[in-house]
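Top to bottom, those sequences are chains A and B. Mapping the first sequence onto UniProt numbering, position 218 (from 1) lands on 218, and the numbers just tick up by one. Mapping the second sequence onto UniProt numbering, position 104 (from 1) lands on 104, and the numbers just tick up by one.
Hints should not be assumed to be uniformly reliable.
Said to hold, decoys possible - Derived BS3-like pairs (lysine-lysine); straight-line CA-CA distance at most 30 Å:
1. B/K604 to A/K749
2. A/K578 to A/K604
3. B/K734 to B/K747
4. A/K325 to B/K479
5. B/K734 to A/K747
6. A/K479 to B/K325
7. B/K479 to B/K219
8. B/K578 to B/K734
9. B/K604 to B/K578
10. B/K747 to A/K734
Worth flagging that the hints you see were computed from the coordinates, not collected in a lab.
The primary structure of each chain is shown beneath.
Number of protein chains: 2
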Amino acid sequence: MTHMASAGGDTSADNVGSKGGETVAPSPYRLTDAPGPLDRDELTSVDAWWRAANYLAVGQIYLMSNPLLREPLAAEHIKPRLLGHFGTVPGLNLVWVHANRAIRQRGLNVAFVAGPGHGGPGPNACAWLEGTYSELYSHIPRDGAGMGALFAQFSFPGGVPSHCAPETPGSFHEGGELGYSLLHAYGAALDNPDLTVFCVVGDGEAETGPLAASWHANKFLNPARDGAVLPVLALNEYKIANPTILARIPEEELVSLLRGYGYDPLIVAGSDPAAVHQEMATAVDTCMERIGQIQRAARGGTDGERPSWPMIVLRTPKGWTCPPKVDGDQVEGTYRAHQVPLPAARTDDTHRQVLEQWLRSYRPEELFDGAGRPVSELVDLVPDGDRRMSANPVANGGMLVRDLRLPDWRDYGVPVDAPGAGQHEATRVLGAWLRDVTAANPDNFLTFAPDELASNRLQDILEVTGRDWQAEIGTYDTKLDRTGRVIEVLSEHMCQGLLEGYLLTGRHGVFTCYEAFIHIIDAMFNQHAKWLDASAQVPWRRPIASLNYLLSSHVWRQDHNGFTHQDPGFLDVVLNKKPEIVRVYLPPDANTLLSVYDHCLRSKHYVNVVVAGKQPQPDWLSVSDAAVHCARGAGIWDWAGHNDTLGSTPDVVLACAGDVPTLETLAAAAILRDRMRDLRIRVLNVVDLMRLLPEQDHPHGLPDREFDTLFTRDRPVIFAFHGYPWLIHRLTYKRTNHAEIHVRGYKEKGTTTTPFDMVMLNDMDRYHLVIDVIDRVPGLREKAAGLRQEMVDARWNARTWTREHGEDIPVVANWRWPDPSR
Amino acid sequence: MTHMASAGGDTSADNVGSKGGETVAPSPYRLTDAPGPLDRDELTSVDAWWRAANYLAVGQIYLMSNPLLREPLAAEHIKPRLLGHFGTVPGLNLVWVHANRAIRQRGLNVAFVAGPGHGGPGPNACAWLEGTYSELYSHIPRDGAGMGALFAQFSFPGGVPSHCAPETPGSFHEGGELGYSLLHAYGAALDNPDLTVFCVVGDGEAETGPLAASWHANKFLNPARDGAVLPVLALNEYKIANPTILARIPEEELVSLLRGYGYDPLIVAGSDPAAVHQEMATAVDTCMERIGQIQRAARGGTDGERPSWPMIVLRTPKGWTCPPKVDGDQVEGTYRAHQVPLPAARTDDTHRQVLEQWLRSYRPEELFDGAGRPVSELVDLVPDGDRRMSANPVANGGMLVRDLRLPDWRDYGVPVDAPGAGQHEATRVLGAWLRDVTAANPDNFLTFAPDELASNRLQDILEVTGRDWQAEIGTYDTKLDRTGRVIEVLSEHMCQGLLEGYLLTGRHGVFTCYEAFIHIIDAMFNQHAKWLDASAQVPWRRPIASLNYLLSSHVWRQDHNGFTHQDPGFLDVVLNKKPEIVRVYLPPDANTLLSVYDHCLRSKHYVNVVVAGKQPQPDWLSVSDAAVHCARGAGIWDWAGHNDTLGSTPDVVLACAGDVPTLETLAAAAILRDRMRDLRIRVLNVVDLMRLLPEQDHPHGLPDREFDTLFTRDRPVIFAFHGYPWLIHRLTYKRTNHAEIHVRGYKEKGTTTTPFDMVMLNDMDRYHLVIDVIDRVPGLREKAAGLRQEMVDARWNARTWTREHGEDIPVVANWRWPDPSR
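Isolated chain A (complex conformation) (with noise of 0.2 Å):
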């Protein structure tokens, strides 16, 4: 998706060598006297910045020393590998170099955010120069040597990444998978009234689904209550190979699209650089005029209309300034200039002083004194402290999290008087607290749903706040607010985007949905835990909070819906990242998910992913018993098993983890005290799936011996899990009893059928359960013939009521926990 192609990226650059043809330097600089906004210094100190910022993300592309060519520039300076893209750089910088004109000139808090791929040189150039570099990392001063570190440590081993990063002063997003820079941007402006984020949204990008779907984002956003979005699209016309369709289309068809967005653009195009600057200046002077007008309008207590928010469309030329011919093809303003212009520096000899001659052309001597600090013109830019966008704290959310206010989960359990005694939809449950939880955290804690909030049974959070609605609201809509907690739009994208936009700058929330759907974001969970791995690793960076799903209308429960509805394979996706950051929860009733999400609330720099049912299922623990066996993570529920005494080794493990699978097993269990008096049957509960993996695997790991006391040496272990089975034994196969594991759990045996229907598709009911039993305890098979016999014909007893009734058969609709005392 981003890519760095065979020219710079992935070769040596020995083995690149030049094609012949000419190879032509930049012409000599010239900033002409275009009209505008700018007077002749404001000008020349801003293109004075620009050209600094140019030049030092050259640097960072091609030198690994000699930085300010004090001597003619050799092979030995050059990188053997070219990385990073120039292509973009020019375009960020340009933004970068006029939003600090409007923070200083309008005072204003904002946060910045890159969207083309690969572009990191052009935010690490105005980083350093603004000294937020050199005050976050010790080796890279703001001086000659600072500039060689700058350059060496880029996209070299052991450095930084050739896009916006962790590592990245004043970012709050990764530039490697695009899509995702408006979401992201707006996540950040919810709730921060006082914060506007220019946000640069690359051309190629913009082509993406999540990105396309993402300018929407503007019906969520609330002038008084949130701050402001700066689209600025970055028009260079070019992605690796190809043009980009929105450069490719008549202007006027662009500018309408963006307007059906819901944006008012202005449109800043050019290839001299003064006039793009007078050009530049006026376009952010009308925006932030515009926004400020917005803002104060709708904080002036009018519930206006939706403002149409305005942006800027910045068609200047792809690797703007770069060598305008290589090797006898155009590279400025083409394909060509998306990553290295000059491929074979370190080896070609015209490559290497056309390089020097491109370095030279920004006029470096200008720009840096005689120590390699950036001249006092320069510094003069940069605005004051926090304010400099390379240091908003916005970008290192942890600085900024707040704990949240949390009502004690206790208070919202059901009560239990005996295990199974009554039912409740657990997820109706955590709604209840839910609901507190977002009135008492009126400004930091969001919920995000595909249009999925009621169906999940969340409903009751719409008792204290609406939906956030910022477009028109028709006669029957009902619960949509101006000021919403929850955020609802049928876009899987942007609920996630949105959130780790939020998060990112410090806050907290929840998204919750259908279980099968979730991986529509695979990918951007990917990037997410990778960006709580890497950032993890970067010291000034400061723990946020963690991402917390909560997935219902799971498989289990998606019988009507079918096949299509039916997939718990997020878990595998989870379970591939970084131990450290992901979490895996499978509360089996509502008061263990209470418990779970308290926790879950309360965790920092985590993936927490809680799979739990919104159907009615039995209450198994009370709250006190859900708050020792969640804290375990696994336990034995001796209420449930069978001549399971202390220190006595059971004859069979009946293990679960899920809702589903807790209940069918609780049936399982039932069947089998009831049937066969003398087996010893233990009942396990996972519900912190982590607890199965080896303690030096994850932190939440079981060390071996405890995990040996819960499942045993050697006795067989019937295992009902919530997931696809294989990921059962993906977590235990180093466990001494791994060979007497066996799973159940979901295999695409899907269809459209009722819920026992489906489970017994899948061989997981508790029928079947009792058939592993006995096929897997010793000598059972022969001695419980009869029973084995009776399970089998339960089973077709009751596929055959399913299909004629359309509905279970009752005397598993109707099945409960056969408590003695009731």
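Starting from the known structure of chain A, fit chain B onto it as the hints suggest.
Just chain B now, with coordinates in the frame of chain A:
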């Protein structure tokens, strides 16, 4: 994403009571005298179809019996679980009948795509009216008994899903997960010049990222070469619980948006059936004429400008014609009509009475004869044979699929005089073959890439074709072509969706992508795999061409792009799907890649995932050896092993899967051969990952005996694997020797570095593999302590070199397999 919520969706109807409040049946139905192109007879018959289809839809949702209301509606006639969504159905049926009118009047070839979720009752109804249902399902004749069966099977155990699915006649699009309707429609239209696809896009679906991007698919539709897509935006204003964004922006803004996407929208709006019929007829007539003009102009040979394609915005009430009020709440025209308007029809007398009035409001007695057959007025509206949308062969692509003309891959192989003597970029070698595949199949083979074709080194294809591009072409744009056979757009969603549509309608193709970013379409892959699985069980469906991925720029060569670009986890997602459907290949070199890909392009109804490098890698196998090795899928490389004589058991097995793991394994073997001459070493390469699975778990699975022969029963296996290491354990945990299989793979230890450093970070480098051998083979740790320390030092040296020089240490970079013959 698509939902069945509490009311009708996933609670038993027996549990749902009326909430009280007024419940109002639809008013008696009157067909007004609205002016327009339909004369009274035509208006009446078009409306009769619409009423009939709506009646049949309501019947499917509610009725288990009494389909023709020959007796008063009783509780036992009502299904216990009420599923399917009525809200979108009247719109779908309206589009269908007006498409039929166009088909008959103009002799068109039209396919239908129903985007809105759970709208299955509509197309099911129309297919039954058209007789197709009865032709394909003998138990559902086109009479009263068949109507009863049609109703009873809907969303019933053993029946059909609530959305369009493989079971739906005329559908090549599944309505489960939302977002892909327009992509499927465009994919179908490519290379189908006579086809027009009516694609109904729900305004809920329109909020998704993939759909938001896919409007731009018109930039790839050539009016001369391809068919047409007529998008119909079904603007019924509501999702499950919320209004839609597109319905809550001013119409002017919506029109601006659609124009910006390159369409010329016609708006049909209203709630009076006659008036809407007239408007819709006008709109469809206009659209068909405009499409005809566009196509005639293009086919006249003028390379004109990209046309502004017509489309329709259909703004009609949600649940149009349903009871306006239920339990005191407005239902028709609101989100409450999204699903099942009368949720308590089985238990609540009022609801049931209103349901009966609602059904009777369609006047079924006029629509169906005494035997329950559609009256001739309806049958006369049915197009002939294959012209029925429900019978269009493109929707059963396996009927149309032609074998590809495949040049002999052996002719494209690289010469291999001795293993490892030469080096090639595997994907570039494949590219030459794909070039000729492209040329030999000029109308049924396409390659899709998210701006990564050249980056993945398949640019040879561009020797015989350009990239398909219907937008403007700039001065410096190259290799763009109105008739190009490569589609590049920076949206993995669009690539995947267009290819799916192309395959589902009977053609062939390849999707090449960076490995890490293929996760972006995890969810789409899942849904396509489910379609393949489900459609294999539908007797009248024929196998389609496989979906072929070529994943390059893979994890081990994304050292320079860094952590964000490193993710081999798509394999884990793929392996969760039905074994019958999925295949994963990891060819170690150029010739094996050719052999594997030839196999993939010949295969049917699979998803083939091929991961192959684009960097120069040693050529290990000659063409003939590659053919044999790939046919086996896994085998011993005796030339690489040592003392591994027939019948003997080696001391250690060095297994590998993937090109970089193979290289490291061979390099480790070379060290061991040289330094531990007594050691018996087996080198084992796995191309077809499914060979590792037990034979009962996958058609390609190795029988245990063969597996044991290869992997031994008890010797240490050091397995260097391309992906996450636990995937090998998940595949092999049932094998005899599993406890001795030690896997090295990717463990999220990524950073920006060099290729070899990346391998070292994950302990999969040659030196560490030697250490693993020393540590695992009994007795070696002491015997080879010196070599072990050398290996530790070599790692340190390599790391240090890399940090200093920015590239790999020469002893590694220049390493070649030490073939004795050289």
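Inset, instruction - Return the numbers of the hints above that this structure violates; sort them in rising order. - result: none
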